[in-house]
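Number of protein chains: 2
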Amino acid sequence: MVEFVSMENDVNIKDISFINNIKSMAVIGPSKKRDFFFLRNHAENFKGDLYAIHPTVKEIPGFDQRKIFTSVKNIPGDIDFVFIAVPPSQILEVMNDCTEKGVKLASIFTAEFSDSGMKEGLELEKELIKRAQDKVRILGPNGMGLYYPKLGIAWRPKFPSTPGKIGFIAQSGGICNIAIYATQELGINFSKVFSFGNGADLDFVDLLYFLSNDSETDIILCYIEGIKEKRGDDLKKVLAQNKKPIIVLKGGKTKTGIIAAKTHTASISGEDRTWKAIFKQYNLIEVDTLEQLLFAARLIDYYGLFDLKNIAVFSISGGYGVILVDLICAQGMNVPPFSPEIQKKLNSKFFTLGTSSKNPLDVSAQIYHSKIMREIIDLALSDRNIDALIMDLPSWYFNIDFHIKKDNTFEPNMIECLSLGHEHKKPIFPIIQRVNCPNDRARISRKLAERKVPIFGDPLEFMTLISKISKYSKKRI
Amino acid sequence: MVEFVSMENDVNIKDISFINNIKSMAVIGPSKKRDFFFLRNHAENFKGDLYAIHPTVKEIPGFDQRKIFTSVKNIPGDIDFVFIAVPPSQILEVMNDCTEKGVKLASIFTAEFSDSGMKEGLELEKELIKRAQDKVRILGPNGMGLYYPKLGIAWRPKFPSTPGKIGFIAQSGGICNIAIYATQELGINFSKVFSFGNGADLDFVDLLYFLSNDSETDIILCYIEGIKEKRGDDLKKVLAQNKKPIIVLKGGKTKTGIIAAKTHTASISGEDRTWKAIFKQYNLIEVDTLEQLLFAARLIDYYGLFDLKNIAVFSISGGYGVILVDLICAQGMNVPPFSPEIQKKLNSKFFTLGTSSKNPLDVSAQIYHSKIMREIIDLALSDRNIDALIMDLPSWYFNIDFHIKKDNTFEPNMIECLSLGHEHKKPIFPIIQRVNCPNDRARISRKLAERKVPIFGDPLEFMTLISKISKYSKKRI
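If you read the sequences in order, they're chains Z and E. Each residue of the first sequence is one higher than the one before, counting from 1 in the numbering used here. Each residue of the second sequence is one higher than the one before, counting from 1 in the numbering used here.
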């Protein structure tokens, strides 16, 4: 029988809390032609017992022969999770086996169901759900299913194995692939990612409720093209009980985008203003690109929630500082003067011509005095008029070949400087421009990610996001 | 005597056309303490005769001893250009020497003139101009002067030595440093860059006129914080005669930004709406960040001018394709259906489940059939309803370790695909997301730069720019 989680106002949610305890899994139908791709990917990191189900294959190079079976029914122990990649013609029989075996969750990669737009596909999907008897919960069909690094569940090769606190729900598997592969560059990690394809059983509302109540998830990301109309009220109820920040990327906002979304996942996007109203009412953070979705998640993951009004600017180039001031003010934030006692102390730290100790700070060539930079940033952040600091620090400064006097203390000192935000509980947003020295930038990026300092390459990558996160935080308090 | 270029309506412009023929230069006052920084930097690439002028130093390691003099007057031949970095107290004497020697152009790095905000500095600047007698043209003081890769004039180490067709004018030296060091990553090159500091002699209007008439420059970039009020009419006259695309970044647009600009270069920014009106009247392309300034320059440098209305989208992830459609339509462009005969041909090229042959194209896993991708892109661009193609191609596809079947032909075939824009004279904008594989991305970026294909990491890096460039081109025709 289907389990309904009891919620106020009788919202219907399918319970999948069992997934945090998946101990065994099987890949059903790994393709020999594709060198058992999905089996090998799961074998990379899966921490429990992994089985391969194939009607004819007896041997898979590098895979324990004793773990190959012709049916999931023949596996001696329990099977919690299956990843199914059989042709549509075999799906019903496979599902019968799963139901009989007591499988709890099935990811169905197989396509050509309702996504085909054909009557046969739609009927096959209905029959599939019927065979699952509400005993087997289904992700898909036509989806990539579940990425769960803590347990090593990963549908593609080289997916990171480090768990984080960010959850992500998307119909599109391609979007998930980009997001998951991007985490290494960004220095973030996912708790769980769901690619639910046609959403024939588990849908956006179920998965959102799950992440909203999942102790392993602090931040929720969504890419959504649409939901079934009948689920609108359930969605609102789930949003009403949610306490976590939800960052949402809505696909199908414009007239042509709505048509494209329909072609993609047969989603009915609905009016953008309806979505906008829901996002506003339940205080969701809406972004415009996948990159913004990930950048916003990183900001909250690293700094927690923040509500920023007054920003200190720290620039090596006075001109770049002026541009930053314009961008900050255009977002409705301020670049105020420092308070008198802080200003006085700051004045004493500037001794090079062409610098400015006022906000925006212009340190110019004095940047190489990295110990003094630490004092300057520390002072700026200790000003109670200041909520955060944005700085410009091009990557060549981290390449010793560009130094006039080779100074090995510059890099560790600057890493300390950039980490000061956490001491003051005020975010620092360093823009380390992509100029020459990509390897030096990558090294600094890694070092700063370890200290939970997010770097950017371009102010437009985060400027609107800090304003959106501030609005969210303010409304939340 | 000062030479005025004759222009309609008597605009006063100082002629510096001689700089294209600089054959000899001297660095006056290279600092021993800083290991003769500016001398060494110019020695890296300067193609003519380079001299060092120092009152006491007789030897500079690695520098021809016979080219060290105590005064510019003692150099046997002509000196076209000097880079001056002496203390303010010595500047007048040095300028006397330059005038006497017949030096044509002086870059004055020395600060503490009008930029100091002090009466003494202002008077020193006036006296400096007087001593130059309109015989020596001055860049600065308080500027970095001239970067001219064709002749090897470069104020910092490792400035690229390859000349391009993009000119850049900025007061701020720091902005110029970032821009010049960024060219390698971006795959663009400058013709000339001017950092004119206080603009005591040559100012924004003079330099803009120069680049506007410089045969080595096709595209003009400007970072401007303000100009002297009396030069407003001259600026308009220069803009009226200009035929080249000018991309402008205005510093000091907001109230606080205006104050910051004044602190930075004593510039009077003026009302933003006054500037906006000028930019509109003379059809300048205004951008909001230094990164956009460079990205816009690259777009025009690679593809020439374009006016785009109808865009084909090519995506590996249907979801990413939907997002792109929304972004494109939000800019007022369309993602229209292909014309019937092209659509018919396209249909025959798609054979994998989960793909879509309509616009937005969703190739999904079929991407690995790279020869067919070439045919698909070729067909899409041959549609006369289509002006350009935007595509999403995450960087891991260029790493063979991520291939199911290791395919060495994928990379060369995709390079061919991405270069098809030039064959059709329709731009292709590939988004190669920064996901894992940074080295593969860097390699592809270099290969594509050789073929003048600009890659981006994020759609927001170029989406507004292609719309702005289109508006410029349309108004221009």
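Please note that a few of the clues may not be correct.
Identical copies look the same in the list; a pair holds intra-copy or inter-copy alike.
[Stated by the list, open to error] Below, simulated BS3-like cross-link-like pairs (lysine-lysine); rule was C-alpha separation at most 27 Å, straight line:
{"#": "1", "residue 1": "K345", "residue 2": "K309"}
{"#": "2", "residue 1": "K135", "residue 2": "K23"}
{"#": "3", "residue 1": "K255", "residue 2": "K344"}
{"#": "4", "residue 1": "K358", "residue 2": "K228"}
{"#": "5", "residue 1": "K406", "residue 2": "K344"}
{"#": "6", "residue 1": "K228", "residue 2": "K23"}
{"#": "7", "residue 1": "K119", "residue 2": "K244"}
{"#": "8", "residue 1": "K243", "residue 2": "K371"}
{"#": "9", "residue 1": "K262", "residue 2": "K23"}
{"#": "10", "residue 1": "K474", "residue 2": "K243"}
{"#": "11", "residue 1": "K23", "residue 2": "K406"}
In short, the hints are calculated from the structure, not lab data.
Consistency of the hints with the structure:
1. K345 <-> K309: So K345 and K309 pass the 27 Å test inside one copy only (23 Å; across, 55 Å).
2. K135 <-> K23: within (18 Å within a copy, 84 Å between copies)
3. K255 <-> K344: between (56 Å within a copy, 24 Å between copies)
4. K358 <-> K228: This pair counts as between: shortest inter-copy Cα distance 24 Å, intra-copy 55 Å.
5. K406 <-> K344: neither (31 Å within a copy, 63 Å between copies)
6. K228 <-> K23: Result: close neither inside a copy nor across copies, 33 Å intra and 74 Å inter.
7. K119 <-> K244: neither (40 Å within a copy, 58 Å between copies)
8. K243 <-> K371: neither (42 Å within a copy, 49 Å between copies)
9. K262 <-> K23: Classified as neither: same-chain Cα gap 37 Å, cross-chain 65 Å, threshold 27 Å.
10. K474 <-> K243: The answer is within: 14 Å in one copy meets 27 Å, while 49 Å across copies does not.
11. K23 <-> K406: neither (54 Å within a copy, 33 Å between copies)
Checked against the numbered hints above, the structure breaks hints 5, 6, 7, 8, 9 and 11 and satisfies the rest.
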